[in-house]
Each structure stands twice: as structure tokens, then as C-alpha cells.
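A.B. asks: Once you've looked at the hints, dock chain B against the given chain A.
These protein sequence lines are chains A and B, in that order. With the first letter of the first sequence counted as 1, position 246 gets the number 246 in our numbering; the numbers rise by one all the way through. With the first letter of the second sequence counted as 1, position 221 gets the number 221 in our numbering; the numbers rise by one all the way through.
To be clear, the hints were calculated from the coordinates, so they are not data collected in a lab. All C-beta atoms, glycine included, are put in the ideal place defined by N, C-alpha and C. Please note: incorrect hints may appear among the correct ones.
[As the list claims (entries may be wrong)] One side of the interface only, derived from the structure: several residues of chain A facing chain B at Cβ under 7 Å: (1) A55; (2) T84; (3) A90; (4) F92; (5) G104.
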Amino acid sequence: MPQDRDIAIDVQGAVKRYGTFTALKTISLSIRDNEFFTLLGPSGCGKTTLLRMIAGFEDVTEGAIYLYGDEIDTLPPHKRPVNTVFQNYALFPHMTVLDNVGFGLEMLGKSKAEARARAGEVLEMVQLSQFAARKPSQLSGGQQQRVALARALAPRPKVLLLDEPLSALDLKLRKAMQVELKHLQRETGITFIFVTHDQEEALTMSDRIAVMSAGELQQLGEAREIYEHPRNVFVADFIGDTNLMEVTVDAVSNGRAQCHLGGGHRLTCDAVDGIGPGAKVHMSLRPERLFLSADPVADESLKGRVREMIYIGTDIATIVDLDGGPQFTVRSSNSSRGNARIFEPGTEVAVNMEQGAARLLID
Amino acid sequence: MAKPYDLRRYPGFFAITLLCLVILYAPLVVVAVYSFNDSPSITIWEGFSLRWYVDVFTGPESGKFKEAAWNSFVIAITAATTATIIATLAATAVLRAGTFRLRTVSIGMISLPLMVPEIVTAVATLIFFNAIAIERGLMTILLAHIAFCIPFAYMPISARMQGIEATYEQAAMDLYATKRQAFTRILLPLMMPGIVSGFILAFIISLDDFIITNFVKGAGVETLPTAIFGAVKQGIKPNIMAISTLLLAVSIVMVALSWLIGRRDPAEGR
Numbered sequence: 001m002p003q004d005r006d007i008a009i010d011v012q013g014a015v016k017r018y019g020t021f022t023a024l025k026t027i028s029l030s031i032r033d034n035e036f037f038t039l040l041g042p043s044g045c046g047k048t049t050l051l052r053m054i055a056g057f058e059d060v061t062e063g064a065i066y067l068y069g070d071e072i073d074t075l076p077p078h079k080r081p082v083n084t085v086f087q088n089y090a091l092f093p094h095m096t097v098l099d100n101v102g103f104g105l106e107m108l109g110k111s112k113a114e115a116r117a118r119a120g121e122v123l124e125m126v127q128l129s130q131f132a133a134r135k136p137s138q139l140s141g142g143q144q145q146r147v148a149l150a151r152a153l154a155p156r157p158k159v160l161l162l163d164e165p166l167s168a169l170d171l172k173l174r175k176a177m178q179v180e181l182k183h184l185q186r187e188t189g190i191t192f193i194f195v196t197h198d199q200e201e202a203l204t205m206s207d208r209i210a211v212m213s214a215g216e217l218q219q220l221g222e223a224r225e226i227y228e229h230p231r232n233v234f235v236a237d238f239i240g241d242t243n244l245m246e247v248t249v250d251a252v253s254n255g256r257a258q259c260h261l262g263g264g265h266r267l268t269c270d271a272v273d274g275i276g277p278g279a280k281v282h283m284s285l286r287p288e289r290l291f292l293s294a295d296p297v298a299d300e301s302l303k304g305r306v307r308e309m310i311y312i313g314t315d316i317a318t319i320v321d322l323d324g325g326p327q328f329t330v331r332s333s334n335s336s337r338g339n340a341r342i343f344e345p346g347t348e349v350a351v352n353m354e355q356g357a358a359r360l361l362i363d
Numbered sequence: 001m002a003k004p005y006d007l008r009r010y011p012g013f014f015a016i017t018l019l020c021l022v023i024l025y026a027p028l029v030v031v032a033v034y035s036f037n038d039s040p041s042i043t044i045w046e047g048f049s050l051r052w053y054v055d056v057f058t059g060p061e062s063g064k065f066k067e068a069a070w071n072s073f074v075i076a077i078t079a080a081t082t083a084t085i086i087a088t089l090a091a092t093a094v095l096r097a098g099t100f101r102l103r104t105v106s107i108g109m110i111s112l113p114l115m116v117p118e119i120v121t122a123v124a125t126l127i128f129f130n131a132i133a134i135e136r137g138l139m140t141i142l143l144a145h146i147a148f149c150i151p152f153a154y155m156p157i158s159a160r161m162q163g164i165e166a167t168y169e170q171a172a173m174d175l176y177a178t179k180r181q182a183f184t185r186i187l188l189p190l191m192m193p194g195i196v197s198g199f200i201l202a203f204i205i206s207l208d209d210f211i212i213t214n215f216v217k218g219a220g221v222e223t224l225p226t227a228i229f230g231a232v233k234q235g236i237k238p239n240i241m242a243i244s245t246l247l248l249a250v251s252i253v254m255v256a257l258s259w260l261i262g263r264r265d266p267a268e269g270r
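This is chain B alone, in the form it adopts within the complex:
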């Protein structure tokens, strides 16, 4: 029995839902399907094959892609870890240190980068690196990634922390825990689902960043997105579709992981 305000009973609900899903997912499905195409053409289907996946790992461009993928992975892990630590500390300061001067300003400063057009951040970061005369390379990419990952990691962490009442820490301190013990024994475990979500979000954001990376990377240093872009400039080959599909699979796995961890609330008994 449908409830009186059941959305599904509105006229056109099904059609609009379908349209949205098609617009969102059709391109992804096309790329994924054609990555298994046994043809050098990207538009003509000639039967199922894994040749482009083999090409990704063993083809003429495989060395370039492997190095780029390794760079991307190392940068994403390091940047996400660092950003998550900084974001956790920032959330603790903003939400648990009481009211202090510039608290509101701090909250704004942390989330503002989310609203700044990425190209502006990219140009600004490049100018900054030039100004302090740091040589462009992996290190500049890493520094830039840490910086722009912080607000993404901060969001789920602070959201989680806001839901944790301060009385838990008070109860811990009432039971002879020092401030530090109250943090490590009580607050940190309760925040863990938020921290994991923040880390995974930061990891994915770092993994697929193109604009900022393209600005601050040095000559000859590539991450997977810049390598793909470089290859596409020579013309789109089906191996690009294969590599994109692999990247998509990594993202899906990460998001699924994040969802599973977020669902496993430590408050629930198992």
C-alpha cells in the first residue's frame, strides 16, 4: 500500500527518474562496454575482447601508464593521509575547544576552497610555487593535493563529530581520564567512521584531479589523469576506455568500502 505522500504516485515520477539515470550513467556504460570492443575503432562494435586491457598493461604506452598510475597512487595515499590528520585536528579544535576568537572565520576558511573555482586555485598554487622558487615535480603535486584535500576530508569528519555529544568526553574525564585519554579512548573511536569517509573522499579527489595537477606538475612527471589526457590528445584509442573503466572500478570499490564502514557504527553491538 502506497502512503498518502508517496513520491512514486506523482505523475511523471518514473519518466523523470529514468531520464536522470540515463543522463548520469549512459556515458559511463558506453565507455565500460566499448572498453571490451575487439576493434581499434571507438565507435564500431566488432565483438568482445580483452585486448585493450592487455594493451594497457603490455602495449607500447604501458610503461608510461604504469609509472603514472604509481605516481597517482602514492600521491593519493600520502595526500589523503596527511589531509585526514590535519582535518581531524581542525575539527577537534573548531568543535571541541569552546568558543575562541576567529572560530567562525576558521570554519569559513576551511570550507572556502570548495567554492573557489579549481582553475583559480590551480593558477594561485602555481604562482605560489614559482614565488618560493620550488622546483616543480612530484613534491609540488603532493603539496597541492594535501592542500585541496583538507576541506573534503574535513566535511565528513566534522559532520560526524557534531553528532557526538560533549557529555561523552565529560563522562570520561569524570571517570579520571585526562583530556588526552578522553580524546584517544572515547572521541577518536566514535569519530572513526567519519575519519574513514573523509580519507576515502580525499583519496578519490586526489586520484582523479586533473586541473591543479596539470598546472603544478613538472615536465615529464605524470599522474594517471594527466597521462590519459596526454594520450587522448594523440587521438582516442580504446585503451583509454579500458584504463578509464579500471579507474571507475577503483572508485566504485572505494565508495562501497566507505559505505560499508560508515554503516558499521561502533555504537551498535555485534
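If we strip away everything but chain A, and leave its shape as in the complex, we get:
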């Protein structure tokens, strides 16, 4: 049994089955104290199921969950010192904002006056003091979201669980709330476990991210690690945009792998354990790590012809057909420096890559 006080939530071999359907296949992960931790994955990957298991709304079929060393998976929800921000907020419609926020404290046996005082404090923290006497239906979506946050923070939970809390907000408000959430987490020092399907949101906010798919943990690491060193095809494809190429490994030497892709184009990249000569695997090339030039700048530049140019705003994406082979997307920033690398459709170009841009992936 783990006794480490630095581990807020320890999930050990947690399995969730509904009849014959397995929603979660033996997940083990440790969430550190005072960490902004994100469970990221497409819908149906089991991220919300795992969150609900921590909150106590789902039984754990097998395995165990520890909160700062204490096993909690057998406790009913009201005995777990964790609070949840629900996706649809679930604010009590018949209570005022102040009573909503004070509800948890009242249930913990605090006096009504004490609960209200603390609720007022937390409302101030989320800048909603002037709405204390209103009913939730009289607030905007963004304000309701902040009330839900205040309600969950008021009892000072050991861990705060957030179930896609920003998904109902419009883009601008969502961006603002991302910053505010991150700020609140730092200020309160409470461990946040955040569930989202939005990879950009996850990259922006998280200290560490657990990427999940089909009930399994695909990769766990810091944002940069997951983006730049995806472990497998799913992670590379799900996080950000990438050029996913089928390649054949020709030789491995000195930690470098020589590969070729369709059309006979040759590439060299870092070798990966378990991928040897003759292997047919996938390679990920991030579009922003590639650049175009009129003439090849290196031996390994790939020759092709521009098919299309897409104006995105901050960036310009160029789609290039390689000679006799696959298609590439190359992104360059829409700046005077980047503009030098923009070519009109039909132009012959060379696709060049920065150091470490190509990564071999296990399937």
C-alpha cells in the first residue's frame, strides 16, 4: 500500500466492466500532489468513467484507488474528500448561488452562518460576489460555470475533479476560463484532475497528461513530451496535426534508423527500441517542423510539387505531393520570416525537416 504523501491519487490496476463490456482495462497511474493532471482522449475512451470511479459514482470492478494513501474505492461518494465540477454544472436550481456554494460545508456539519461566510469568500475568489442572491437560471453559462467551480472548491477538497467543464462555453470564454482554472489551481494548491477531449486545452493547462483510448492508457507525460515524443500512432495522431507516413526501416546503426517511404524517398531519424531493420511502421512528421525551399538544403530533402496553399491566419499550410509518393502538409507561420517559405500551387519545391522532426512510432 502506498504511503507517499506526494501522491494525491493512486490508481492501481483499476478495471471497469459493465456486464461483458470492458470500459476500462487495468489502468494504473499516480497523480501527484498539487498537480494539474489531465485525462485526455476521444469520447468513449474511459476518461469520464475513471473520473467517476474516483468520485464514487461508479464501482471499481477490480483494482483499488488510494487518496493520499487511504483506500477510497469502497467509500460512498459523500465520504470521499473530493469534489466534482460536473459537465452540465448541476447547480441546484431551487437554491441561490450563495446556498449552492455553501451546500457542501453545510452537509459537513458547519453552521449555516459559517457555510455562508466561506461561500462568500469563495464567490469573491471567482469574482461573483454580486450574484450571491441570484438563482442559477439568472446567470450566463460562463457565470454558472464559475459557480460550479466555487461550489466544488468551497469545502476545500483534497482533490478537485473536473468533467469537461469548459465544453459548453464558446471559444473566447473557454480560453479565458482555461487561464482562470490554471490560476485557481496554483492559488489554492489543490490537485486538479481535468477530463477533456480537447487536446489543445490539455496541452495548454496541464502539468501532466494521460492520453487514453479504448479504455487503455496510451501515454502519460508532460505536454511537451507527449507532443514531441508520442509513443505510438494513436498519440501522434490524436495530439495536434501530423503527417503520418508508412515507412520501411532499412538499417539501424549508432542509434539512427535509415528508412524509406513510398516513391523511394529516404529519411534518417532516431532509432526506437523494438523497431529493427525490415520493420514496416509509421513515422510522424509534425507540419510545423518541416519547411519548404526552392532547392534542396540537405541530402535528405524530399522533392515534390505544391498542390494547395491554405490560409489559416496565424499560419499558412502548404500541401505538397512528393514525387511518386505520399502527400505532406507543411506549416509555416504567417510572418515575414515564414513568408519566405511560401510557394504557389504548381511550384516544384523541396520539403526539408528540422533536426528530430521525424519520429518512428510503434503501432
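C.D. replies: Relative to the frame of chain A, chain B by itself:
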């Protein structure tokens, strides 16, 4: 400006609406108007008078009517209260206890009495009371009323509860409320408009029930509908119209009350 699919633009809309309203309300209006007739005849208008209302309260039959009205009122209040409590618990079990064996059967069993012809229920109830050798009187009327009021109370209560997402109770339990506290503090207040509607519906159904009451009541025990029926058998006098109008007024007040309470959603701020 009428919208493209405005019903009012269909030919004959006005005529059909008028016809329906006349068929529905003309008899009621006739009874209400003639209750103020200053004539012992029920068909000849002889001028406005309150004499039949006075007759209801002080006339030769007033004692009988007062006792019957009191019985009706006591039975309706007791039956509606009991049925509402049972229906609330039933709705909670069916809609909040997850899936359990016989859940679908339970839902059917609760609403089936609405579809059984009342005369069948009446005969069955009478046979049941005879079988268990219970003496017929106020108690048998009350028991029968509680039974047939349950599905009427259940309908608005379960409809309301279906509209309340389970996440409210989950949020309450997440915030350290026990199951019981989640029910009393969150679910019950949110259900209140449905519970009030259920109670009022059950109250009105009980108040005007005739068939079942007539079967299970003991000799000499009358409710208002059976008393009215008894009086009508002697020939219709205008005092019957007065008493019917009073009953109608009670119903209108109750329905209006139910509507006003249902409209005042606790979720809305005041």
C-alpha cells in the same frame, strides 16, 4: 402577421373551435345559469334569485347534503394525501433505484388502473371487501379512494421527476450529502410542483367519484355525488343545479391553484 403554418389560417378553424367549445361548455353554462333561476321548474326562467343556494344550506335536504359534503371532503383530503405519499415513493423507486427486476412490470401495474373500466374496479373492490368481511362504511370508501387515486397522483409526479436529471443528486452526494439528504434537500423540493399537481388531481378525482363509491359505501353513508344521485332519483330540482355549480366552482379553484403552483417553478428566481 400570421406565420406560414399558423393553424388559424386553415379554413373552418374558427367554426370547429366554436363547435367544440359549445359542446364542452354549454351544458355547464346551462346548469350554472339555471341554478340562479327563481322557479321550481328546471326549464322555465322566471328571473334571478339565490333561493336555491339558500335551499341547499337551509332547505329540507340541507342536513343530508352537509353530511355528504363533509364526508366527501374528509375522504378526498385523506385519500389524496395518502395516495400522493405512496405515488411519490413509487416514482422515486421506479425512476431513481436504477434497473431492478420487475421494474417495467411495476410501471405497468401502477398505471393499469387508469385503463380498467371503472365499473370493473368497482365490482372487484366490492367483492374484495366482502371476501375479507370488512363492514361497508366510510372506511371502505376511503380505502377504495386511496387505491384508485394512486395512478392519478403518480402521473404528474413521475413526469416531473423524469425531467430532473440524476446529476443533481450526484452533485449533492459529491458535496457530502447522504442519500437521504440528497432526497430531502434536492430531489423533493424540485419535485414539489409535480407533487402538488398530483395531490390536486387525486383530490378532484376522489371528490367527484360516483361509481366505485356507490358500490363500496355502506347503507346510509353518502358522499356528495351519491347524495346528489339519490336526490335526482326523486326528480331534478333546481337545488341540484345549485349544488352542482358549487362543486364546479370548487373544481375550478383547485385547477387554477394547481396551474398557478405549477407555473411557479422553484428554479426561477423571484
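A.B. asks: Could you work out which of the previously given hints the structure breaks and list their numbers from low to high?
C.D. replies: none
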